[in-house]
Amino acid sequence: MIKKGKIIILSGPSGSGKTTLYKKLLASRIFKGKIVKAVSVTTRLPRPGERGGRDYFFVSRKTFLYKKKAGHFLESQKVFDNYYGTPKKQVQELLRDEKNVLLCIDVKGAGVVGRKFPEAVRIFIKTASLAALKERLLKRGSEDDGGIRLRLNTAREELKEAGHYDYIVINEDLRKAYREIEQIILFHIYSGRNL
Numbered sequence: 000m001i002k003k004g005k006i007i008i009l010s011g012p013s014g015s016g017k018t019t020l021y022k023k024l025l026a027s028r029i030f031k032g033k034i035v036k037a038v039s040v041t042t043r044l045p046r047p048g049e050r051g052g053r054d055y056f057f058v059s060r061k062t063f064l065y066k067k068k069a070g071h072f073l074e075s076q077k078v079f080d081n082y083y084g085t086p087k088k089q090v091q092e093l094l095r096d097e098k099n100v101l102l103c104i105d106v107k108g109a110g111v112v113g114r115k116f117p118e119a120v121r122i123f124i125k126t127a128s129l130a131a132l133k134e135r136l137l138k139r140g141s142e143d144d145g146g147i148r149l150r151l152n153t154a155r156e157e158l159k160e161a162g163h164y165d166y167i168v169i170n171e172d173l174r175k176a177y178r179e180i181e182q183i184i185l186f187h188i189y190s191g192r193n194l
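Using numbering that gives the first Met the number 0, the first residue of the sequence shown is number 0, and each one after it goes up by one.
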């Protein structure tokens, strides 16, 4: 039996595969009706294939900062010159409806949510090494050399926070990492256990 709604957080460095795993979890038949996402707000431009309201709410910097000042966000962070925020009201309504909310947020945001919801299940996703992370970022092709250096430097700092998470998943093989996260989530939504 599914217990009361929980917050499940996926985070990790840019290029760790967290967004791919997040999308895979949300699309899984196993989790249909068992986990839902809170759609984040961002000032960044949509990537190919992304749709407003489904992937993110895309807003101007001015709108974002207004919403932040008005207390609209559960957490918000500036990441690589763009702002991201998790709508507080949306998460509160989902939890009130006993939904399990899956968040894909950066390390700083995960810390904020973890302090506000200590019962949240926090999963840190990382690659086997910084070299593997660099290779993924290069393959992605969305960054110049300076952008890759910045992301790797940020990753070094984020990796220092991994020990504050409930679980660390090394994403060398997507299927294996997915199965590991799937088991973690199933355990928590069916057992009702918090860490």
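What the hints contain is simulated information worked out from the structure, not anything from laboratory work. Note that beta-carbon positions come from the ideal geometry of N, C-alpha and C, so glycine has one too. Treat each hint with caution, since some may be false.
What the hints assert, rightly or not - In silico DSBU-like pairs for lysine-lysine, Cα to Cα no more than 30 Å straight-line: (1) Lys23 / Lys175; (2) Lys138 / Lys3; (3) Lys33 / Lys133; (4) Lys23 / Lys3; (5) Lys3 / Lys31; (6) Lys77 / Lys159; (7) Lys115 / Lys138; (8) Lys115 / Lys159; (9) Lys159 / Lys31; (10) Lys33 / Lys138; (11) Lys61 / Lys107; (12) Lys115 / Lys36; (13) Lys23 / Lys107; (14) Lys77 / Lys138; (15) Lys87 / Lys138; (16) Lys115 / Lys87; (17) Lys61 / Lys3; (18) Lys66 / Lys87.
To be verified - What follows is a set of in silico ranges between Cβ atoms, one per label pair, in the way DEER data are often shown: (19) Lys3 / Asp143: 24 to 32 Å; (20) Ser128 / Gln91: 17 to 25 Å; (21) Gly145 / Gly32: 42 to 50 Å.
Compare the distance between the alpha carbons of Lys61 and Lys107 with 30 Å, and conclude whether the hinted pair is satisfied.
holds, 22 Å
Could you grab the alpha-carbon distance between Lys77 and Lys159 and see if it respects the 30 Å cut-off?
Roughly 19 Å separates the two Cα atoms, so the pair holds.
Beta-carbon spacing of Gly145 to Gly32 - inside the hinted bounds 42 to 50 Å or not:
Check passed, 44 Å falls within 42 to 50 Å.
Straight-line Cα separation of Lys159 and Lys31 no greater than 30 Å?
violated, 34 Å
Holds or violated: Lys3 and Lys31, Cα atoms, limit 30 Å.
OK: Lys3 and Lys31 at ~16 Å, within 30 Å.
With the threshold set at 30 Å, check whether the alpha-carbon distance from Lys115 to Lys36 stays at or below it.
holds, 18 Å
For Lys61 and Lys3, compute the direct alpha-carbon distance and say whether it is at most 30 Å.
violated, 36 Å
Do the alpha carbons of Lys87 and Lys138 lie within 30 Å of each other, as the hint requires?
violated, 35 Å
Decide if the proposed pair is consistent with the structure: Lys23 and Lys3, CA atoms, cutoff 30 Å inclusive.
Roughly 23 Å separates the two Cα atoms, so the pair holds.
Can the restraint linking Lys33 and Lys138 be considered satisfied, given a maximum Cα separation of 30 Å?
Measuring from Cα to Cα gives roughly 33 Å; hence the hint is violated.
Is Lys138 close enough to Lys3, meaning Cα to Cα at most 30 Å?
With a Cα-Cα distance of about 40 Å, the restraint between Lys138 and Lys3 is violated, given a limit of 30 Å.
Pairwise hint evaluation, Lys133 against Lys33, where the allowed Cα distance is 30 Å at most
violated, 34 Å
In summary, the numbered hints that this structure violates are 2, 3, 7, 9, 10, 15, 17, 19, 20.
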